[in-house]
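A.B. asks: Using the sequences and the hints given, assemble the complete structure.
Residue numbers (this note's numbering), protein chains in the order written: chain E, 1 to 374; chain V, 1 to 122.
Please keep in mind that the hints were generated in silico from the structure rather than gathered at the bench.
Among the hints, erroneous ones may be present.
Claimed, not checked - To list a few chain E residues with every Cβ distance to chain V over 10 Å, as calculated:
(1) Ser2
(2) Ala48
(3) Thr192
Unchecked claim - Only pairs whose alpha carbons sit at most 20 Å apart, straight line, appear in this in silico EDC-like list of lysine to aspartate or glutamate:
(4) E/Lys109 x V/Glu14
(5) E/Lys182 x V/Glu59
(6) E/Lys109 x V/Glu8
(7) E/Lys109 x V/Glu59
(8) E/Lys182 x V/Glu8
Where a beta carbon is used, it is the ideal one built from N, C-alpha and C, also for glycine.
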Amino acid sequence: MSTLLVLREQMQQIYAKYSMYIIKALQFLFGILLFGAINANIGFMKSASSILCTLGLAAVCAFLPLLITVIAATILVIIHLYVLSVPIAAFTVLIFLMMYIFYFRFTPKNAWVVLIALLACIYKLPVIVPVAFGLLGGPVFVVPAVCGVIAYYLVHLVKLSSTALQGADAGGMISGLMTFAKQAIGNKEMWTMVLAVAISFLVVHAIRTRAVDHAWKIASAAGAVTAVIIGMAGNLALGLHISYIILIGSGVAAVLIGFVLEFLFFSVDYSRTEHIQFEDDEYYYYVKAVPKVGVAVPEKSVKHITEHQGQETVAIDLEEIQNKAEGMPKGIRKKPVQRKTAGNSREEREKSTDEILLTRSLSKELGLDKEKQK
Amino acid sequence: MTRAAIYEKNRAEEDLKISSYYKKDYASLHTWITLVWVTIGYICAAGLVVFCYSDSLLEDLNFAKLFVIAAVAIGAYLVLIVIYGVCASGFYKKKHNQAKQRVKKYYRDLSRLGKMYMKEKK
Numbered sequence: 001m002s003t004l005l006v007l008r009e010q011m012q013q014i015y016a017k018y019s020m021y022i023i024k025a026l027q028f029l030f031g032i033l034l035f036g037a038i039n040a041n042i043g044f045m046k047s048a049s050s051i052l053c054t055l056g057l058a059a060v061c062a063f064l065p066l067l068i069t070v071i072a073a074t075i076l077v078i079i080h081l082y083v084l085s086v087p088i089a090a091f092t093v094l095i096f097l098m099m100y101i102f103y104f105r106f107t108p109k110n111a112w113v114v115l116i117a118l119l120a121c122i123y124k125l126p127v128i129v130p131v132a133f134g135l136l137g138g139p140v141f142v143v144p145a146v147c148g149v150i151a152y153y154l155v156h157l158v159k160l161s162s163t164a165l166q167g168a169d170a171g172g173m174i175s176g177l178m179t180f181a182k183q184a185i186g187n188k189e190m191w192t193m194v195l196a197v198a199i200s201f202l203v204v205h206a207i208r209t210r211a212v213d214h215a216w217k218i219a220s221a222a223g224a225v226t227a228v229i230i231g232m233a234g235n236l237a238l239g240l241h242i243s244y245i246i247l248i249g250s251g252v253a254a255v256l257i258g259f260v261l262e263f264l265f266f267s268v269d270y271s272r273t274e275h276i277q278f279e280d281d282e283y284y285y286y287v288k289a290v291p292k293v294g295v296a297v298p299e300k301s302v303k304h305i306t307e308h309q310g311q312e313t314v315a316i317d318l319e320e321i322q323n324k325a326e327g328m329p330k331g332i333r334k335k336p337v338q339r340k341t342a343g344n345s346r347e348e349r350e351k352s353t354d355e356i357l358l359t360r361s362l363s364k365e366l367g368l369d370k371e372k373q374k
Numbered sequence: 001m002t003r004a005a006i007y008e009k010n011r012a013e014e015d016l017k018i019s020s021y022y023k024k025d026y027a028s029l030h031t032w033i034t035l036v037w038v039t040i041g042y043i044c045a046a047g048l049v050v051f052c053y054s055d056s057l058l059e060d061l062n063f064a065k066l067f068v069i070a071a072v073a074i075g076a077y078l079v080l081i082v083i084y085g086v087c088a089s090g091f092y093k094k095k096h097n098q099a100k101q102r103v104k105k106y107y108r109d110l111s112r113l114g115k116m117y118m119k120e121k122k
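C.D. replies: Next comes the structure, spelled out in C-alpha cells:
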C-alpha cells in the first residue's frame, strides 16, 4: 500500500511538473477516441470520416478548450447525418438545440461530460458514467450524463436505420423521419438507461456525501448495483434486450474505477478516525475527523563521480595537506593546479604563459609590483 | 500576483462584465432571456411531439379533446416557465454575487501589488 501511495505522490509531482503537456496529450487522445467513434459509427461522409480528418480534428481540439471539442463533435455528427438525410439532420439539430436551451446555456463548461457519457456508452461501459461522475462531481452532472446517454441512443438508432433512411424520395423522407422520431422518442431501452444512469448517479452522490466509513467504496458498489438492477428490471418488465454481459461487465468496471478514483482523490485512514464534540453559545458540534493518508516521496540525490573529478579532488587534498605541513602562505596554493592545467595540453600551456606575461606587464605598468615590494 | 494573473487570464473579463450590472438588473435581464429561450425550446419540443404523434392526436378530434390538449400544453408551458424562472433568477443572482466577490478580491490583490511596487520604488 505504501508503495502505491508513493507512486501516487510521484504521479502528482510528475503531473504538477508537466501538467500542460499531459493535459494536451489527454485531450488529443480523447479527441481521437471521440471523433474515431463518431466516424466509425455514423461516418456517412467519406471525407470527414477519414483517419486524417480524425487525427486533424483531435490535434486541433487538443490546443483549444474542451467546449470547442464538444462543438466540433456536434458539427461532425450533424454533417454525417446531413449526408445521410436532411430531415434526420434537422431532427438531431432540434434535439441538440433543446439540450442547449434547457441545460447547457447555464453551465457550458460541463458540456464535456456529455462526450464522456457518449464515449462510455459507445464502448459498452454505461455504468461507469454515474459512478465516476457521482464520485467526482456535483448533482448537476446528472443532466449532461443523461444527455450523453440520449445522444448515444440517437447515434445508435441512426446507425441501425441508416439503410432505410439513405435512398428515400421526398415522401419517403417525411414518413421515414416520422418513424425515426417516434422510435427515438419512444425508445424504451434509452429511457431505461436514462433512468438507470440518473438514479444510480443520485445514489452514488447521496452515499458519497454521507459521513460513513468507506463512503466512496459503498457508493461505488451501490451505484453499480443500482444501475445493473434497473437495467435488468427494464429487460424483464418491458421486454427489452439490454445485454446482461454489458450491464454486469460495466458494473464491475465501474466498481473498479470507483476504487481507483478513491485511491487517487480520497485516500483516508479510517482506523485513525476521531470523534470530537464541542459547543459554543449557539450550537453543539459533533465532528468526525478522518485523517488523510499522505506519504512523503523519498528524495533521491544522484552524485556524478567521474574519473577526472576524482583526480582533481585528490590533487587538491594533497596540496592542502602539503601546504599545511610546510606552513606555506595561502597565495601559493594555486601553483600545483596551474602545473596540472599546464600539463594538460600545449594550447593550454601557451594560454597560461600568455596570461602570466600579461599579468606581469600590467602589474609593471600600473606599478603594482613596486607596491608589493614595499 | 500569481493569483491575480491567473484570475485575469481565466475569469476577469466575464466577471468584470457581470459586476458592471446591478444584481437585480443582471438577474432579471438574464431571467427574461432564459424565459425566451425556454419558450423556443418548448415550442421545439411540442412541435416534435405533435409531429411524431400527429396521427393519434388528430384521430377523433373534437372540441373537448382539443380543449384538453390545449390545456395540457399551456399547463406544461406555465409549469416549465415558473420552474425555469425561479431557478434562473436564483442562478443568476448567485452568479452575480460570486463574480462580485471575485472582482473584489482581485482589486484587493491589485492594490496590494501596487503598494508593493511603491515600496520597491522607495
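A.B. asks: Are the hints correct? Go through all of them and say.
C.D. replies: Status of the hints after comparison with the structure:
1. Ser2: Given that every Cβ of chain V is farther than 10 Å from that of E/Ser2, nearest at about 33 Å, it holds.
2. Ala48: holds (26 Å)
3. Thr192: Correct as stated: the minimum Cβ-Cβ distance to chain V is 19 Å, above 10 Å.
4. E/Lys109 x V/Glu14: holds (14 Å)
5. E/Lys182 x V/Glu59: holds (17 Å)
6. E/Lys109 x V/Glu8: Holds, because 18 Å separates the two Cα atoms, which is no more than 20 Å.
7. E/Lys109 x V/Glu59: violated (44 Å)
8. E/Lys182 x V/Glu8: violated (49 Å)
Consistency note: the structure conflicts with the earlier hints numbered 7, 8.
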